[in-house]
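Chemist: We have chain A; now place chain B onto it with these hints.
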Amino acid sequence: MNLIQKARMKSPWILHFNAGSCNGCDIEILSCLTPVYDIERFGAVNVGNPKHADVLLVTGPVNRRNERVLRNLYDQMLDPKIVVAVGTCASSGGVFQNCYNCMGGVDKVIPVDVYVPGCAAKPETIIEGLILGLEKLAKMPSKPKKGAQPAEART
Amino acid sequence: MSEGTSVPFGPQHPVLPEPIQLRISLEDENVVQALPALGYVHRGIEKAGELNDFQQNVFLVERVCGICSSIHALAYCLAVEAVLGLEAPKRASYLRVVWMELHRIHSHLLYLGLLAEAFGFESLFMEFWRVRERVMDLLEMTAGNRVIISVCTIGGVRRDIDAEQARAIREELPKLRDEARRLVDSLLSDYTVRQRTVGKGTIPAALALELGAVGPTLRGSGVAQDMRMAGYAAYGELEFRPVTFPDGDTYSRTAVRAEEVFQSIDLVLAALDNLPEGDLKVGFKGRPEGAALARVEAPRGELIYMVVGNGTKNLERMRVRVPTYANIPALLTVLPGCEFADVPVVTLSIDPCISCTER
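Order-wise, the sequence lines are chains A and B. Per the numbering used here, residue 2 is the first one in the first sequence, and the count goes up by one each step. Per the numbering used here, residue 469 is the first one in the second sequence, and the count goes up by one each step.
Chain A on its own, in the form it takes in the complex (with noise of 0.2 Å):
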């Protein structure tokens, strides 16, 4: 492991998408971030900037207007990068199943690491998922090797 992603293991920048969500695990990632569950201990921080994030927290079924920002953010984001699905309805489009204008989860748009369930998904459990996307990204070679594409939405 070199300076660069011992780095980037101890402060993991977050950039957080509601995707159609009903709000209920984004007041859970906001949670996160408030004393009682205190997510800074590990380095992690709130930023508006797809370009300074590391980790793309996205809640919510994605639906057919919010995809082009979803992707957009990803392509924004420099690699390496992670990105966790929070909730059921992230993961697999949840109790949204019926309704039209769903896309049935993020994984529909963009790749995902790592999926967190719940409805709403705990704050333990988004800290917990963090921290399995962090290992992760650990893995993850610094630079990419000569020739290798980067990871990209799919159209």
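The hints are simulated quantities; they were obtained by calculation from the structure and are not laboratory data. One or more of the hints may lead you astray.
Claimed, not checked - In silico DMTMM-like cross-links for lysine to aspartate or glutamate, where the CA-CA straight-line distance does not exceed 25 Å:
#1 A:K52 / B:E590
#2 B:K558 / B:E707
#3 A:K11 / A:D114
#4 A:K137 / A:D39
#5 A:K11 / A:D39
#6 A:K109 / B:E514
#7 B:K515 / A:E68
#8 A:K11 / B:E590
#9 B:K643 / A:D39
Stated by the list, open to error - Taking CB as the label site, the calculated pair distances span:
#10 B:Q501 / A:D80: 35 to 41 Å
#11 A:R65 / B:L519: 14 to 20 Å
#12 A:A139 / B:E647: 38 to 44 Å
#13 A:V46 / B:E757: 51 to 57 Å
#14 A:K140 / B:F527: 35 to 41 Å
#15 A:S12 / B:G612: 32 to 38 Å
#16 A:A8 / B:A692: 52 to 58 Å
#17 B:R763 / A:D80: 49 to 55 Å
#18 B:D605 / A:R65: 36 to 42 Å
#19 B:R789 / A:A8: 48 to 54 Å
#20 B:S493 / A:V46: 29 to 35 Å
These numbers come from a predicted model, not from an experiment. C-beta atoms are modelled at their ideal positions from N, C-alpha and C, and glycine is treated no differently.
Modeler: Only chain B this time, still in chain A's reference frame:
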């Protein structure tokens, strides 16, 4: 600049937990026009409500909005109960009040924290959310889940609050009241906070009524309108008066919500004191036939559910009118004329819930 500048505010913005876009036209630093671009959270829940069984719908409508979820379920259950001609048992009505008011406390504390963050008062945001965790613990203890608590069902409630849980709530809420009082005092009396909120985004009472604003947005303009006064569930037997503040600005709307936290604490304690013995739910046979309307007070204002049944297990139509939908016209009327730096604070002051609005 004579041409003016156009700024897209959202759909992904750190101040908003939800995606909504406001297309804002600026003349120097002043807003001349704000146009919302919606649809980022539209899922099609009203249609899904016709495809599902009417009993499954209770779980679907709870997920219209995660912040006031149980209140959506209550409104739906009241509407279906009206169609079926049911009346929930007394104990269930009181338990409903307890859970709805706990939900209101958590929603208002959430708003107060987010507002503090919107003008950069980060530490107060953290403090409000720390206090809010006390309510979340109570919800988890009594209902088993933190946010979406699934307690209401058609004909009553699914869970009971036993004596030990009631004692724990009675012990916890006074502590919460003391802590919240300290934070609310520092929020409302702080010089910087007043500079950012007093006189910003003023909605006069006549305009609020004309545009059909509801809930704390309307009460912040001095109009005492609260659907709980209609006396659904057990509110008719509990004493309370709607909180109003006269000025109609961001500060007034915030003060209304802050005071309602304490009002809700009193209501929970009163409901627990008067909790009658009895059944938790009534059984029923048959399927809904006919139409009914239910109006309840969600944390953001009046929430309306209309249910039309046709005698089958699927509903003919389910219509949801949510409070934020009624408050957006008022917001769009006051945004022009604001300074650009005030846009996040004024937008947040109606406590917008986009996932409610777009369903």
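Chemist: For which of the previously enumerated hints does the structure constitute a violation, in increasing order of number?
Modeler: The structure breaks none of the hints.
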